[in-house]
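Participant: Start from chain S and add chain H according to the hints.
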Amino acid sequence: MFTIETGSGFWNPIIWAISIAIAFLLIYVIRSIGKKEYKKDTEQVKSFLSGNPEYEKEKMHVKASNLYWGFTTSLKGLYNLLRKMHTGNTSDYVLWFVIILAIFFLIEVI
Amino acid sequence: MNLVETSETVLRIVLGTIGVTIFGIIFGLFYKGIDRKISAHMQGRIGPPIIQPFRDIRKLFTKENIVPENAIPWIFNLIPLLGLVATITILIYLPIGGFQPIISWGGDLILILYLLIFPSLALAIGGFSSGSPYAVVGAQREMATMIAYEFPLAIIIISLAWKLTQVGGENVFALSTIASTPIWNNVTGPLGFIGFAILLFVLIIVTPAELSKIPFDAPEAETEIAGGLLVEYSGRNLAMFYLTDCVKTVVMASIIVVLFIPYNISTLPILGIQSGSYFAYAMDAIFYLIKLFIVILFSVTLIRVAIARLKIDQIVYTYWIPLTLLSLVGLICIMWDGFIMNALGLV
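Chain order of the listed sequences is S and H.
Following my numbering, the numbering of the first sequence begins with 1 at its first residue and continues without gaps.
Following my numbering, the numbering of the second sequence begins with 1 at its first residue and continues without gaps.
Isolated chain S (complex conformation) (with noise of 0.2 Å):
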């Protein structure tokens, strides 16, 4: 009851949901035996930072693109032929559609 099925995989939602339930009670009970107390509006609850200073928010903060550093750092030789193909221009990109479409195309006639 309730199972998805797909033909090759299935899950039942329900199941899953009556055991995150439980294990989220239990952990929940666990986890109340620590200590939740700590001293607020102290030293204590600053930013750990090595003993740099502390600037303001905007300047301290981490960009999201840094994400992909270690793909495009990487993967460079991919990105910087990537990079030059990506021209800015529409004329260029509908080139591009048309030709990968030709070759599913000619993949499918063969």
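Since the hints were derived computationally from the structure, they do not count as laboratory data.
Cβ atoms here follow ideal geometry from the backbone N, Cα and C, with glycine treated the same way.
Possibly wrong hints are sitting among the right ones.
Each pair of labels, with its calculated beta carbon distance range [what the hints assert, rightly or not]:
(1) H:Val167 x S:Asn80: 40 to 48 Å
(2) H:Leu78 x S:Lys46: 20 to 28 Å
(3) S:Tyr38 x H:Phe99: 52 to 60 Å
In silico DSS-like links for lysine-lysine, alpha-carbon gap of 27 Å or less [stated by the list, open to error]:
(4) S:Lys46 x S:Lys57
(5) S:Lys63 x S:Lys46
(6) S:Lys36 x H:Lys63
(7) H:Lys59 x S:Lys40
Facilitator: Just chain H, lined up with the frame of chain S:
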């Protein structure tokens, strides 16, 4: 399904969840203790006692649970709890102790792959909600690592499912099907054996990244970003992440066991153990725990002692280029296994 059957199912889920919670936490902490002891000996140190992780948890529960002023408190407190809870629920779908999964019809391997994202995502969200530059850098690295290792992991799963489809298996992603159809029994020739060995090797390399262990622990990197996404966590919240790490280690090792070594010792004719007896169950359970230990030893302990931490671009490169290509080679070997043996007339 009538009322009695529904009640039985609900009771099974409730007791099963309680059981796997206790099992996951206790054995997760125990294996962490063994891992620390062995790695210490490999480095020429005495190391902490095996029960040290239990003491760590007790100590963390007595520490202050500090919420930084820049944090978003409700996310900061809730996320460690959700990460652990989601990790525990994976165990109800896995065959534990040589037995069938508690709820074999409740979900398949694809569901497990999705649930495995939860703990990593919890770490990343916890890091973003900390309001600390170190934690944000760590959270971004965690997300990049996740994107990197999912690619070879998906190829491994698809390869195994494809092979099971070829041998006429039904519900090829079901854990009960995978556990009852060991892949090594369906190898036609040496090429298939090499293919599965390659996939096992890749999965062993994926495991430390799933667990944020050295050499793939750039998201935490204590010496560089002071613990990264965990830098602001303390007390019971940190204890939750500590437990998540332990339970996820058991989960990952169990997945490797079910995919590649789902054998039970009680079925060996040479031992003469009566099938279905309590002794057979006990032997299978002990054998399962030994298998977990061996998998953790190779995929976590040995790798983290032998290799230094990689930079995040090196992690991405490792997973997207050599390991993805290697897993594709494994897939091709498995695909060509049957064809070549048929062509040579050896089957």
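Participant: Hint by hint, say whether it matches the structure.
Facilitator: Hints versus structure:
Checking the proposed 40 to 48 Å range against Val167 of chain H and Asn80 of chain S shows it holds: the Cβ atoms sit about 45 Å from each other. At roughly 22 Å, the beta carbons of Leu78 of chain H and Lys46 of chain S sit within the given window of 20 to 28 Å. Separated by about 43 Å at the C-beta atoms, Tyr38 of chain S and Phe99 of chain H break the suggested range of 52 to 60 Å. At roughly 13 Å between alpha-carbon atoms, Lys46 of chain S and Lys57 of chain S fall within 27 Å of each other, so this suggested pair holds.
With a CA separation close to 21 Å, the supplied pair Lys63 of chain S and Lys46 of chain S stays within the 27 Å bound. Proposed proximity of Lys36 of chain S and Lys63 of chain H is supported: the alpha carbons are some 9 Å apart, at most 27 Å. As the CA atoms of Lys59 of chain H and Lys40 of chain S are separated by approximately 21 Å, the hinted pair is consistent with the 27 Å bound.
In the structure shown, a violation is registered for the earlier hint numbered 3 alone.
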